[in-house]
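Peer 1: This is what each chain is made of:
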Amino acid sequence: MGVKTHAKGGRSVRVTVNGRPHEVEPGTTLLEFLQSRAIDVRGVAVARNEEIVPRASLGEVRLDDGDVLEVIRVVAGG
Amino acid sequence: MAERDHAASDLLTIADKTFSSRLFLGSSKYPSFEVMVKAIEAAETELVTVAVRYMNLDEPNQEGVLDYLRRLNCHLLPNTAGATTVKQAVRMAHLAREATGTNWIKLEVIGDERTLWPDTALTVEATKVLVQDGFVVLPYTSPDLVAAIRLEEAGASAVMPLAAPIGTGQGLLDWIGIRRIVERVSVPVVVDAGLGVPSDAAKAMELGVSAVLVNTAIAEAKDPVAMARAMKHGVVAGRAAYRAGRMPIRHEASPSSPVTGVIGERAASMYPLKEAVG
Chain G
1 MGVKTHAKGG RSVRVTVNGR PHEVEPGTTL LEFLQSRAID VRGVAVARNE
51 EIVPRASLGE VRLDDGDVLE VIRVVAGG
Chain F
1 MAERDHAASD LLTIADKTFS SRLFLGSSKY PSFEVMVKAI EAAETELVTV
51 AVRYMNLDEP NQEGVLDYLR RLNCHLLPNT AGATTVKQAV RMAHLAREAT
101 GTNWIKLEVI GDERTLWPDT ALTVEATKVL VQDGFVVLPY TSPDLVAAIR
151 LEEAGASAVM PLAAPIGTGQ GLLDWIGIRR IVERVSVPVV VDAGLGVPSD
201 AAKAMELGVS AVLVNTAIAE AKDPVAMARA MKHGVVAGRA AYRAGRMPIR
251 HEASPSSPVT GVIGERAASM YPLKEAVG
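Those sequence lines, one after another, are chains G and F.
Position 19 (the first sequence) corresponds to 19 in this note's numbering; numbering is contiguous.
Position 76 (the second sequence) corresponds to 76 in this note's numbering; numbering is contiguous.
Calculated from the structure, these hints are not laboratory results.
Hints are not guaranteed to be accurate.
[Unchecked claim] A partial selection of chain G residues facing chain F, derived with a Cβ cut-off under 7 Å:
no., residue
1, Ile39
2, Gly43
3, Arg48
For glycine and all other residues, C-beta sits at the position ideal for the given N, C-alpha and C.
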């Protein structure tokens, strides 16, 4: 997986979310990423590299290149 | 009466929660979320199951079940539906706890895709892990006695034997197996899956189960709200009958009208014959 270099000199961060690739600005936190996708964190669970990130920590965790994210929601079920 | 029930008020206690309704509902297969809400209200249920799945990031604000359930005063019971391995079920449970905020989990580990029959061996294993991880585990199981015993030993807060395969509406196929479990485990027994009509639920309650979990029978009825109401009555009737103590089952007839003074073809004496004195 190659890494793009921005004009500013930073590298964009490539992550996988629910199986799909996404690019984010370096330093983006998990919370910022979710907000940028208009995802309401209520009723949602997030795992990063198979570890659950507690809701309270979403704003503190910065995405790393190669991170595998899972965004889970509550749906109807029996 | 089992110690798990409060004799006077007949409240049901499972782990840290107390319920006055013994009818739990699933949230799926309704024609709309609005109908689901009306059915939950008609059933007067206090616990509703949900599932967890990957979000579709293309539609992040798609209307969700929680938007509707939040308006109701119900406990949520997330499930691990879809899990076929212990690791999968445990991971789903942890994600469900994070997403819903409850440590209650309906543990499902399925062994066969066509019948959705539970893999009871893996369910016992997963129960042990999740109890260690601080969950209140309500495992979905078969009407097998030993599986239920092992689940209780593993720390399950209730056991949930199926009446029939999920969504089939076939009713209480192995009611004797369910009764065996009721007689032998001391945690609450909640019959879950395969009930079709209120009489199925009433029969389960008459056997002494603590509660029933119903989804398809209500959601796929022609009038789900009316069926939810009827199911509520079925559960109440069955529970009241259980507490009233049923009559014994006899092998042969026991007449309901007097056996003495029966009128014959001709006028006869109803008094016993006196012996001739010789």
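Peer 1: Each of the hints needs a verdict: does it hold here or not?
Peer 2: Hint-by-hint comparison with the structure:
1. Ile39: The hint holds - G/Ile39 has a Cβ within 7 Å of chain F, the shortest such distance being about 5 Å.
2. Gly43: 4 Å, holds
3. Arg48: The hint is violated - G/Arg48 has no Cβ within 7 Å of chain F, the shortest such distance being about 12 Å.
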